[in-house]
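Q: These are the residues of each chain, in order.
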Amino acid sequence: MATTHSSQDSADIYEDTVVIRLIQFSVLWAVIAMTAGVYISAELLWPTMDFGQFWLSFGRLRPLHTNGIIFGFGVSALMATAFYSVQRTSHVRLFAPKLAWFCAYAWQLIILLGGLSLLAGWTSTKEYAELEWPFDIAIAVVWVLFGVVFFGTIARRKIRPIYISNWFYGALIIVIAMLHIVNNLAIPVTFGKSYSLYAGAQDAVVQWWYGHNAVGFLLTGGFLGMMYYFLPKHSGRPIWSYRLSVVAFWAFTYSYIWAGPHHLHYSAIPEWVQSLAVVMSVILLAPSWATMINGIMTVSTAWEKLRTDPALKFIVLSLAFYGLATFEGPMMSFPSVNVVSHFTDWTIGHVHSGALGWNAMITYGTFYFMAPRLVGVPLYSVRLANIHFWLALAGTMLYIVAMWGAGVSQGLLWLSVDEIGELSFSFKDIMASMQPFYALRLIAGLIFLAGTCLMAYNLSKTLVGRKAVVVKPPPVDPAYAIGKEAAV
Amino acid sequence: MMADLPTGFWSGWVVVLTCVSLATLAWVVLSVYFAPPDKPDAEAHDPVWDGDLREGSSAPPLWWFWMLLGAMVFSLVYLMLYPGLGSFEGLLNWSQGKRLVSSYEIYEESFDARRAEIANLSLAEVQADRALMDTADRIFRRECSACHGVDGRGQANLFPNLLDVDWQWGGSPEQLEQTLRGGRNANMPAWEAIIGEENTVAVANYLLEFDNREHAGRAVYEQSCAACHGVDGAGNVFLGAPNLADNTWLYGGDLDTILVTLREGRQGKMPAFDERRLDAAQLKLIIAKLAR
Ligand code: HEC
Ligand code: HEC
Ligand code: HEM
Numbered sequence: 002m003a004t005t006h007s008s009q010d011s012a013d014i015y016e017d018t019v020v021i022r023l024i025q026f027s028v029l030w031a032v033i034a035m036t037a038g039v040y041i042s043a044e045l046l047w048p049t050m051d052f053g054q055f056w057l058s059f060g061r062l063r064p065l066h067t068n069g070i071i072f073g074f075g076v077s078a079l080m081a082t083a084f085y086s087v088q089r090t091s092h093v094r095l096f097a098p099k100l101a102w103f104c105a106y107a108w109q110l111i112i113l114l115g116g117l118s119l120l121a122g123w124t125s126t127k128e129y130a131e132l133e134w135p136f137d138i139a140i141a142v143v144w145v146l147f148g149v150v151f152f153g154t155i156a157r158r159k160i161r162p163i164y165i166s167n168w169f170y171g172a173l174i175i176v177i178a179m180l181h182i183v184n185n186l187a188i189p190v191t192f193g194k195s196y197s198l199y200a201g202a203q204d205a206v207v208q209w210w211y212g213h214n215a216v217g218f219l220l221t222g223g224f225l226g227m228m229y230y231f232l233p234k235h236s237g238r239p240i241w242s243y244r245l246s247v248v249a250f251w252a253f254t255y256s257y258i259w260a261g262p263h264h265l266h267y268s269a270i271p272e273w274v275q276s277l278a279v280v281m282s283v284i285l286l287a288p289s290w291a292t293m294i295n296g297i298m299t300v301s302t303a304w305e306k307l308r309t310d311p312a313l314k315f316i317v318l319s320l321a322f323y324g325l326a327t328f329e330g331p332m333m334s335f336p337s338v339n340v341v342s343h344f345t346d347w348t349i350g351h352v353h354s355g356a357l358g359w360n361a362m363i364t365y366g367t368f369y370f371m372a373p374r375l376v377g378v379p380l381y382s383v384r385l386a387n388i389h390f391w392l393a394l395a396g397t398m399l400y401i402v403a404m405w406g407a408g409v410s411q412g413l414l415w416l417s418v419d420e421i422g423e424l425s426f427s428f429k430d431i432m433a434s435m436q437p438f439y440a441l442r443l444i445a446g447l448i449f450l451a452g453t454c455l456m457a458y459n460l461s462k463t464l465v466g467r468k469a470v471v472v473k474p475p476p477v478d479p480a481y482a483i484g485k486e487a488a489v
Numbered sequence: 005m006m007a008d009l010p011t012g013f014w015s016g017w018v019v020v021l022t023c024v025s026l027a028t029l030a031w032v033v034l035s036v037y038f039a040p041p042d043k044p045d046a047e048a049h050d051p052v053w054d055g056d057l058r059e060g061s062s063a064p065p066l067w068w069f070w071m072l073l074g075a076m077v078f079s080l081v082y083l084m085l086y087p088g089l090g091s092f093e094g095l096l097n098w099s100q101g102k103r104l105v106s107s108y109e110i111y112e113e114s115f116d117a118r119r120a121e122i123a124n125l126s127l128a129e130v131q132a133d134r135a136l137m138d139t140a141d142r143i144f145r146r147e148c149s150a151c152h153g154v155d156g157r158g159q160a161n162l163f164p165n166l167l168d169v170d171w172q173w174g175g176s177p178e179q180l181e182q183t184l185r186g187g188r189n190a191n192m193p194a195w196e197a198i199i200g201e202e203n204t205v206a207v208a209n210y211l212l213e214f215d216n217r218e219h220a221g222r223a224v225y226e227q228s229c230a231a232c233h234g235v236d237g238a239g240n241v242f243l244g245a246p247n248l249a250d251n252t253w254l255y256g257g258d259l260d261t262i263l264v265t266l267r268e269g270r271q272g273k274m275p276a277f278d279e280r281r282l283d284a285a286q287l288k289l290i291i292a293k294l295a296r
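These protein sequences, in sequence, are chains A and B.
2 is the number of the first residue of the first sequence in the numbering used here; add one for each residue after it.
5 is the number of the first residue of the second sequence in the numbering used here; add one for each residue after it.
Watch out, some of these pointers could steer you wrong.
What follows is a set of in silico ranges between Cβ atoms, one per label pair, in the way DEER data are often shown [said to hold, decoys possible]:
1. Phe242(B) - Tyr196(A): 44 to 50 Å
2. Trp31(B) - Ala178(A): 26 to 32 Å
3. Asn191(B) - Phe335(A): 50 to 56 Å
Keep in mind that the hints were calculated from the coordinates and are not lab data.
No residue lacks a Cβ here, since even glycine has one placed at the ideal position from N, Cα and C.
Chain A on its own, in the form it takes in the complex (with noise of 0.2 Å):
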């Protein structure tokens, strides 16, 4: 398939340039909004450390942090495994190439802006929809074109079934596209400021409609997408039960659509609304478990491989700490657990056992599959993505541990009453106290950065000068194909 003679016509060959940049940009994004992260953990130290400036405060830099993760790492990435997939289990050429690298760019300018728009205060306060109104219009406009190279690429596919990770990608695309829409209307008043359309208690169901599967879509049914194409490619092993992903697909995007509300216990909200979360949330587990095993089960034949390789090593890894924070998420949203929970760093710990131990570890795993298969050399170092490894795991495991330490003692610590029915302890003692897990924290944020700034010099050591290996679709088998292949 591989040749390595670039004066093909490029109607058949993959559009993979554009997959490169994408990369690129991912781990860019990715340096940065974690240093942001690990900024912002020190200041929750040392509180001076904002200098008195108000684009260093931890206000300004919390949802830079966020947002730079989520859509400038994470959309990244995600535009990057997408394209590179879809081509492949399509046996066809992107559609629209340029548009593809449009939406690659225009996207990038979106978060470098609204980044600078965030320090610079611009917030419609609503978590991770913080972007003011003429970045929402941009990012409805970029998606929706994103929407239709990818929807475009499926329909002129050469192969008649539809890859399962495209069916994760597909309704990522999608389900965002309307979060993103309805969750933003606004009226704008000035450039920078605009009134959303919703008040109170109905503003709060529509944001965490939207933030809970803005989780649910972006950050888990994404990153199955990349799941399911870079870990059966990789280990060279069909996918366990397909039967069982297609059951998963359905089961998952059915729940995941009800249990934003369980973020909401306890508030004006009404109660059946909270119940339902409850219910849906608990059925969110079977789902999320099935893809996990599924996954493991995938490489169960291949372990001597997962010795030996990093990719495939963090990918595998990545589905453990997928089933621990869905297993964390259920319980959760039990409304007794929640008391506990709710307002303390348990969530936090939550966040990142998903956010790194997930997201971050299954984007690395991918990104060392595709960077020597794009440019068609070894990766510059195996030994260093080995330590990469590493890293990302202890540093995960120290944060996770540390946030639990604190959002569980917050918790219990909050709630406690003393002999007369006084608080036993006030606010600011038990704030006090959480010195140390912050330490930890700091500790971990640096340990995982340092991991991902060795990826960085990996990867551009890979993939900077070199072009993208020209690559044509193999033949598809006849009783399969559509169109002009059928015929043959």
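Please arrange chain B with the ligands on chain A, whose structure you already have, making use of the hints.
A: Same frame as chain A, now just chain B with the ligands:
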């Protein structure tokens, strides 16, 4: 149970939507799960994507089926017990509002008697009780320390030190109770507009050497200031006018700060803490901590 079922349109809509959704979910999952393999000779005709990607044909494990079934049964039971199906209140008759009320009841049952006792103790009795004084410290840190500092020694030259012997509004238990329950609004007028630049500078300088009765500013003081701050500078607890003859300053005793005080005036505001913010027991504890 029929009587409990909702009748309103929206409530019915929620019930139908929820049940249909759960049933559809179960149907989708089970139909794929238990569907017979499409073709007996699937092996030969499995699609292959990208050279080597295949559909594995392992049957979904049975434990997963039990897991999903468990989740479904849990859902049904949960929706029967708790308010989830439209306006159906659930068999347990649980609601977050009722939970709140019952938490209050449990609280009152457990602590009310003891708290009433505390409210009736004498200050000396409270002060002699280590545990109660610890509680007082915690209440103080929770309610007061944001302004008066973690240790109560004041901060930012805006919030007075509560541990020294100086009281603007008085340190007796009665005066403290008045300060807390009613709040305090100090009013030190802006003087420059009234007495002019020259007199302002003169009296400001006089405050730096209050005992020097020959000072040129003394006359201004007696005329404009003594009414509130007292001829001897000892202040007036009814007006909250502080002692100007001692070395304790709230806003600051250097010439520049005094000049600012005189030019712009000062309106210190201590917020009121009513019954809901500090009940009788808490008030007693706080006063026991502060009174000397
Ligand atoms: C929002 C800030 C704020 C909070 C909270 C606050 N105070 Fe004050 N307090 C002040 C200010 C300002 C003054 C000075 C008023 C003045 O200038 O006369 C003051 C004055 C006082 C005084 C009078 C001091 C004197 O010299 O007479 C007492 C007593 C006092 N506070 C006790 C408390 C206690 C006890 C609490 C907690 C239950 C509390 N304060 C909470 C701002 C606050
Ligand atoms: C109407 C009564 C009144 C008069 C008259 C008055 N003061 Fe005051 N003064 C106050 C009050 C009340 C305060 C406390 C302000 C506060 O706590 O915010 C005060 C505070 C001050 C302070 C700040 C003390 C500190 O600890 O920082 C200075 C200095 C002062 N006065 C000087 C003067 C001088 C000089 C005059 C005469 C020109 C004067 N005052 C006249 C009521 C008065
Ligand atoms: C270097 C590694 C990282 C460090 C040190 C770090 C640190 C932090 C800190 C300090 C916060 C704010 C905590 C608070 O509000 O008290 C935070 C929040 C958050 N981070 Fe990170 N982070 C890192 C990496 C990541 C990654 C890789 C992701 C996602 C892929 C991520 C996603 C998030 C999210 C979603 C939140 C918000 C949680 C909420 O909603 O409350 N972080 N992080």
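Q: All hints are to be evaluated individually against the structure, with a verdict given for each.
A: To see whether the hints hold, each was checked on the structure:
1. Phe242(B) - Tyr196(A): 44 to 50 Å: holds, 48 Å
2. Trp31(B) - Ala178(A): 26 to 32 Å: holds, 28 Å
3. Asn191(B) - Phe335(A): 50 to 56 Å: Given range 50 to 56 Å: holds, Cβ gap about 54 Å.
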